[in-house]
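Asks: Need the complex rebuilt from these two chains, each delivered in its own frame; the hints are there to steer you.
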Amino acid sequence: MIIAKDVKRYYGSGSTAVKALDGVTFEIKKGEFVAIMGASGSGKTTLLRILALLDSETGGDYTIQGLDVSTLPEAERSYYRLTQVGYVFQDYALINEMSAAENVYILSMMEGKSKIESYDIALDALAKVGLKGKHNRIPDELSGGEKQRVAIARAIAKKPEILFADEPCANLDTGNSKQVLDVFKELNDKFGQTIVMVTHETWHTKYVDRVITLKDGRIISDSRKR
Amino acid sequence: MIDDIRVGALTAFASIRRGNKKTLLFIVFVLSLIFMNLVFLPSMMGGMTGMFIGFMQYPYGDIVVEPSGDNTYINNADNVLQKVRAVPEVSAATKRADVGASIQYKHKTVGSSIIGVLPIEEYDISRYPYIIKEGEFLGDLSRDEIIIGAMLVEGYFGSEIYDNLGGVRVGSLVDVTYSNGVSRTYKVKGIMEGTFELVDLNAMVHYKEIEDVMGLDESKATSVVIRVKNTDDSARVKEKIIAAGVKEPVFTSNDKADAILRQATESIGAIDVISRFVSLIVGAALILIIIYINVLNRRKEIGILKAVGVTPRSIVLSYAFLSMFYVSLGILAGLVLFFVLIWYFQTYPFTMYESIQIIPKVDYLFLVQNIFTMLTMSVIAGVLPAWRVSKESILNAIWGR
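Top line first, the protein sequences correspond to chains A and B.
The numbering of the first sequence is the working numbering, which starts it at 1 and goes up by one.
The numbering of the second sequence is the working numbering, which starts it at 227 and goes up by one.
Hints are computed from structural coordinates only; laboratory data are not their basis.
There could be a bad hint or two in this list.
Stated by the list, open to error - Calculated cross-link-like contacts (lysine to aspartate or glutamate; reagent style EDC-like; alpha-carbon spacing at most 16 Å):
1) A:Lys115 to B:Asp230
2) B:Lys434 to B:Asp304
3) B:Lys359 to B:Asp389
4) A:Lys115 to B:Asp229
5) B:Lys617 to A:Asp55
6) B:Lys334 to B:Asp230
7) A:Lys178 to A:Glu161
8) B:Lys455 to B:Asp230
9) A:Lys185 to A:Glu74
10) B:Lys617 to A:Glu76
11) B:Lys332 to B:Asp230
12) A:Lys132 to A:Asp120
13) A:Lys206 to A:Asp222
14) B:Lys617 to A:Glu74
15) A:Lys19 to A:Asp55
16) B:Lys526 to A:Asp91
17) A:Lys113 to B:Asp229
18) A:Lys134 to A:Glu111
19) A:Lys225 to A:Glu32
20) A:Lys19 to A:Asp216
21) A:Lys134 to A:Asp124
22) A:Lys159 to A:Asp124
23) B:Lys434 to B:Asp324
24) A:Lys113 to B:Asp296
Claimed, not checked - Sample of chain A residues facing chain B (criterion: CB under 8 Å; computed from the structure):
25) Glu102
26) Asn136
27) Ile138
All C-beta atoms in this analysis are idealised placements derived from N, C-alpha and C, irrespective of residue type, glycine included.
The shape of chain B in the complex, shown without the other chains (with noise of 0.2 Å):
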C-alpha cells in the first residue's frame, strides 16, 4: 500500500508540475466558483437573518421579561432586576414601561406607543441612544421632552407608507393623549431611526413620565429589557435568570425573532437550505466532470502505467491526490474570492429600501464543513473515474477504444 501511494503521489506531482497550466488554471478558477457559490449565498442570508434579530434588540434587548398571563405589568419589576443583576453574565438590565397614546403636531394626529425609559441605563442596554438621526437622546431630566421615530416625521425614510406627524423637527411641541386620556405637551428632543417599524413608528419619553400619568407604583414595568456579555450565550443565560427565580415569562430575542419574523427567517431558512443543496449538487457535478473529463484524457496514460506493471491501485490514488490537489487549490482561490467579496459588502453594504443594510455573515464552523465537503467529493470524483478506467483492458484504455 506504502508503495501504491508513493507511486500515486509521483504520478500525481509529474502531472501537476509538468501538466498544462492553462488548464489547470482554468479548473481551479471554476472550482473556485464553485467553492464561493456554496459558501457566499449562505453568508448573505447569514447576515439577512442576523439583521432581522438585531432589529429585535431594540425592543428586546438580548433578553426580556414581560408580565405573565394577562397582566399588562410587571408588578415587581424592582425585584425582578435584582434577581437578574445577581446573574453574573448580565452587563446591564433595565425597566421600560410602554403605553399605547395618540401623537398631535399641529393637525396631524398619529397613534402610537410610547416607550418609557429610563435613559441613562438604556445606554448599556440598547441601540436607541445610538440612532438619533437629529437631536439628542434623553437625559435624566428629560421630564417635558419625547424622542419620536422617523417614520412618524415626514421625509424620513417609511414615512409615506404610514400617518405621520407632517413636519414636526427637533424643538417642535407636540401633544401627547396617554390611553387613560391624560394629555401631556412635550418638546421634541431627538429623532431615531432604526429602519425597522418597531422602533420608527414609536415615541420614547421618560420612565417617570408612564409612572405620572398612569399612576404606576415604583415597581411597576411592561418589561425587563437584559443585555448579556456574551449575545451567543443568551439561551443559556436565560435558563439561569429562571432559575434565579424570576417567575415572568423570559424570551431571548432569538425567541422573540422566531416569533415575530418565524416565516420571513423560515422562509429565508428554506430558500437557504435549498441554495445549499442545489449548490452541493452542481459543485459535486461539475467537480466530477472536470476530473472525469481530465482522466479520459488520460485513458492512454492509465493503460501506460498498468501494461508497465504500475497497479490500479496506485493509478485510482493519483487521481485522488490529483482532484484533492485541483480542488484545494479551488479551495484556497475560493476563500481569497470570498473573503474579498465578504470585505467588499461589510464596507459597502447591500442596501435594501434605501437604508436596510444587509452585511454578510461569516460562519468559520460551516466553512470547515465545506471545505471537508468538497474534499470528499474531490476524492469520490477522483477515485470513481480512474477506478472505471483502471479496470478497463490495458489494450482498449491505450487505444481509447
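Okay, chain A solo, but in the shape it has when bound (with noise of 0.2 Å):
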C-alpha cells in the first residue's frame, strides 16, 4: 500500500544541513497498524508528515497503492489528502468556531456531498468515537480526550485509505490516551483501516502489529507482532 523508497528530508544543504530522514526505506501493507516510534528529533514526525502529504521529501520515491505521490502539483495532492489521507493532529487541530459535527462534515460537503448526507455521515463518525450526543459541542467544550476523538472521527468521516496519526495522546492523560487508543485499535480489527501512528509510549505498542524505530533519520528497527 505504501511503497518508500531511500526518502531523504534534508533542512538546509551542503554541510550544514540536517538530516531529518536520511534513507529511509519501508513497506506498509494494508490494515496494518503501524507505530513509527523514537527519541525526539529521530524524523518520526518529518516522516509522517510526508507520507501524510504535508510536507515534501528531498530526495527519494513515495507511493501509494502505486501512485507516485512525490510527484503531483499542489491541487492534487489537496485532493489526495481530502479524499485518500486522514491526519489526527498531535494539538487535535480543530476549528474552535465549529461544532464537533461541523468539524467532521465539512470535509464530506467539500467531496460533494449534500449538507444532511455529511452531517449523517458526522453523526455517524462522532459515534464511531464514542461521541454519540455531543456533536453540537464546540472544542471549548470538550475534554481533550474528546477533542482528540472528534479529530479522528473528521480524520475517518471520510473513509480515508490510510490514517496517520501524530503523537495522538501527547496531550491526554493516561485514561485519555486509552480511549483514544481503543478506537483506533477498533477501527483497524472492525474496518480494517491502516493507521501509521507516530508515538513515543512505549505501552502503545501493545496496540499495533508493528513498530519502525527510527534514530537520527534512520530506520534502525522494524519489528511485527506475531
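Replies: This is the structure in C-alpha cells:
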C-alpha cells in the first residue's frame, strides 16, 4: 500500500544541512496498524508529514497504492489529502468556531456530498469514536480526549485509505489516551483501517501490529508482532 | 466550484456565529465610520453647492432670458413670455426690469439696484415674497411702495459691511433717484432677507414704476425669469425654450452659478474630489488592514483546513464572504449613522455667518456607488491576504513560521 524508498528530508544544504530523514525505506501493507517510534529529533514526525503529503521529501520515491505521490502538483495533493488520507494532529487542530459535527462534515461537503448526507456521516463518525450526543459542542466545551476523538472522527469520516496520527495522545492523560488508542484499535480490527501512528510511549505498542523505530533519520528496527 | 462555495460559506458562517462578538462589533464600528467618512462630507459639500445654486434662483429663477448683445432690454418681452409659457414643462414666467438708483433716507444715501417686478406673478416664480422679514411683499396696487434688502437696513446681517440706510424701517419714507435723474418717494412696505448680497443689497418696486420712470413701453424688460415644473429638468427645458423660437440668450441658474460662483463651486468641487479620493484610499487601506489582521490571526486555521483537504479556493472564498459580511454590516451601521446625522443637520442646519444655513444633500446614486465601492474593496481585502496565506506551506501556516 505504501512504499517508501530511500526517502530523504534535508533542511538546508551543504555541510550544514540537517538530515531529518536520511534514506528511509519501508513498505506498509493494507490493514496494518504501524507505530513509528524514536527519540525526539529522530525524524518520526517528519516522516509522517511526508507520508501524509503535508511536507515534501528532498529525495527518494514514495508511492501510495502504486501512485507516485511525491511528484503530484499541489492541487492534486490537496485532493489526495481530502479523499485518501486522514490525519490526526497532536494538538487536535480543530476549528474552534465549528461544532464537533461541523468540524467533521465540512470535509464531506468538500467532497460534494449534500449537507444532510454530510451531517449523517459526521454523526456516524462521532458515534464510532464514542461521542454520540456531543455533536453540537464546540471544541472549548470538550475535554482533551474528546477533542482528539473529534479529530479522529474527522479523519475517519471520509473513510480514508490510510489514517495518520501524530502523537495523538501526547496531550492526554492515561485514561484519555487509552480511549483514543481503543478507538484506533477498533477501527483497525473492525474495519481494517490502515493506521500509521507516531508515538514515543512504549505502552502504546501493545495496540499496534508493527513498530518502526527511527534514530537520526534512519530506521534502526522494524518489528512485527506475531 | 459549488463545493468550494458551500464550504467557504460554512466556514465563514461558523466564524461569524461563534467568533468573538466584541471583535465583530469593533470591526463593524470602524467600517461604519469608514463608510460615513466616504459619504457624509460629500453630502455637506453637495448641500453647500446646492445652497449657492439656490441663491442663484432669486435673480434668475430656474431659467432666465436676458437681452442679447449690448442691449439693455429685451424689446419683445411679452412675445418671449408667450413663447416660454407655451413650453409644457414651464410652470410660470414673468418679466423684470432692473435699473440703477440711489436710495436716500434722512441723511444716508446708498447706491442700489431697483428691481421692477409684477408682484402677483412673483409668488409663482421666486422666493422674494417668502423672505420678507418685516412688513409685507408688494401687491398689485403697490405703486408708491418699496421693498428694501436687509443689508441696506441697520441691524441686519451684513449691514455693517456695506453702506446702509441707518434706522430705516417698515413705514419709513425713502427717496429714490433713478439713473435717468427721476426721483420718487416710496414708503417702505417690507424688508427682505435672503442672506445673499445679490438679494439683500437690492430694492424692489412694482414693474409699472420702472416703466413710468424709464419711459419703457409695455414689452421691455431686463430679464424674463422662468420657473420649471421639475428643477432637475432645467437644462432640457432651456433647449426647448430656445427651440420654441426665443432668440435672446437663455441661461439656467446652474449656468449662472457656474459663471458667477465658478471659483467657489470649483474650489468646493476640488475639495470634494480630494476628500473622496483620500477617504477611498484610507477606507481601502483600513479594510485591508482589518481583514489582513483577521486572516493572520487565523493562519493556523487556514493551515489546518488545507491539511485536512479543504481547497485553497474554498478558503479564499470563505474570507471573501467573511469580509463582505463585515463590510455589509459596516455599511448598514454607517447608513444608520449617516441618516441620523443627515436628519440632525437637516433639522438643525450647520449655520455660517449667523444666518447662512448649509443643509446636507443626500445623493442616492452616490450612496449606491459607495456601497458598491466598499463591497468591491471588501472582496479584494478578503481575497488578497487569504490567497497569500493559502499559498503558504501547510506547516508554516499551522505553526505560524
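Asks: For each hint, tell me whether it holds in the structure or not.
Replies: Going down the list of hints, with the structure as the test:
1. For the hint pairing Lys115 of chain A with Asp230 of chain B, the CA-to-CA distance comes to about 13 Å; that is within 16 Å, so the pair holds.
2. With a C-alpha separation of about 14 Å, the suggested pair Lys434 of chain B and Asp304 of chain B falls inside the 16 Å cut-off, and the hint holds.
3. With a C-alpha separation of about 20 Å, the suggested pairing of Lys359 of chain B with Asp389 of chain B is violated against the 16 Å cut-off.
4. Under the criterion of a C-alpha separation no larger than 16 Å, the hint pairing Lys115 of chain A with Asp229 of chain B is consistent with the structure, at around 11 Å.
5. Of the pairs offered as hints, the one joining Lys617 of chain B and Asp55 of chain A holds, with about 14 Å between alpha carbons and a cut-off of 16 Å not exceeded.
6. Between Lys334 of chain B and Asp230 of chain B the CA atoms are separated by roughly 84 Å; this puts the pair beyond 16 Å, and the hint is violated.
7. Under the criterion of a C-alpha separation no larger than 16 Å, the hint pairing Lys178 of chain A with Glu161 of chain A is inconsistent with the structure, at around 24 Å.
8. Using a Cα cut-off of 16 Å, the hinted pair Lys455 of chain B and Asp230 of chain B is violated, with the two alpha carbons roughly 55 Å apart.
9. With a C-alpha separation of about 32 Å, the suggested pair Lys185 of chain A and Glu74 of chain A falls outside the 16 Å cut-off, and the hint is violated.
10. For the hint linking Lys617 of chain B to Glu76 of chain A, the alpha-carbon distance of about 14 Å falls within 16 Å, and the restraint holds.
11. A distance of roughly 88 Å separates the Cα atoms of Lys332 of chain B and Asp230 of chain B; the hinted pair therefore is violated under the 16 Å criterion.
12. A threshold of 16 Å between alpha carbons decides the hint, and for Lys132 of chain A with Asp120 of chain A the separation of about 12 Å falls inside it, so the pair holds.
13. In summary, the hint linking Lys206 of chain A to Asp222 of chain A is supported, as the alpha carbons are separated by about 15 Å, within the 16 Å threshold.
14. Under the criterion of a C-alpha separation no larger than 16 Å, the hint pairing Lys617 of chain B with Glu74 of chain A is consistent with the structure, at around 10 Å.
15. Under the criterion of a C-alpha separation no larger than 16 Å, the hint pairing Lys19 of chain A with Asp55 of chain A is consistent with the structure, at around 15 Å.
16. Under the criterion of a C-alpha separation no larger than 16 Å, the hint pairing Lys526 of chain B with Asp91 of chain A is consistent with the structure, at around 12 Å.
17. This hinted pair checks out: Lys113 of chain A and Asp229 of chain B have alpha carbons roughly 9 Å apart, not beyond 16 Å.
18. Between Lys134 of chain A and Glu111 of chain A, the direct Cα distance comes to roughly 24 Å. Violation of the 16 Å bound is thereby established for this hinted pair.
19. Between Lys225 of chain A and Glu32 of chain A the CA atoms are separated by roughly 11 Å; this keeps the pair inside 16 Å, and the hint holds.
20. The hinted pair formed by Lys19 of chain A and Asp216 of chain A meets the criterion: a straight-line CA distance of about 8 Å does not exceed 16 Å.
21. As the CA atoms of Lys134 of chain A and Asp124 of chain A are separated by approximately 12 Å, the hinted pair is consistent with the 16 Å bound.
22. Restraint check for Lys159 of chain A and Asp124 of chain A: satisfied, since their Cα atoms lie roughly 12 Å apart, inside the 16 Å limit.
23. Annotation: proposed proximity of Lys434 of chain B to Asp324 of chain B holds, straight-line Cα distance about 12 Å (limit 16 Å).
24. Using a Cα cut-off of 16 Å, the hinted pair Lys113 of chain A and Asp296 of chain B is violated, with the two alpha carbons roughly 84 Å apart.
25. Interface hint at Glu102 of chain A: satisfied, since its Cβ lies 6 Å from the closest Cβ of chain B, which is below the 8 Å cut-off.
26. Taken as an interface hint, Asn136 of chain A does not check out: its beta carbon lies about 11 Å from the nearest beta carbon of chain B, beyond 8 Å.
27. Taking 8 Å as the C-beta cut-off, the interface hint given for Ile138 of chain A holds, the closest approach to chain B being about 6 Å.
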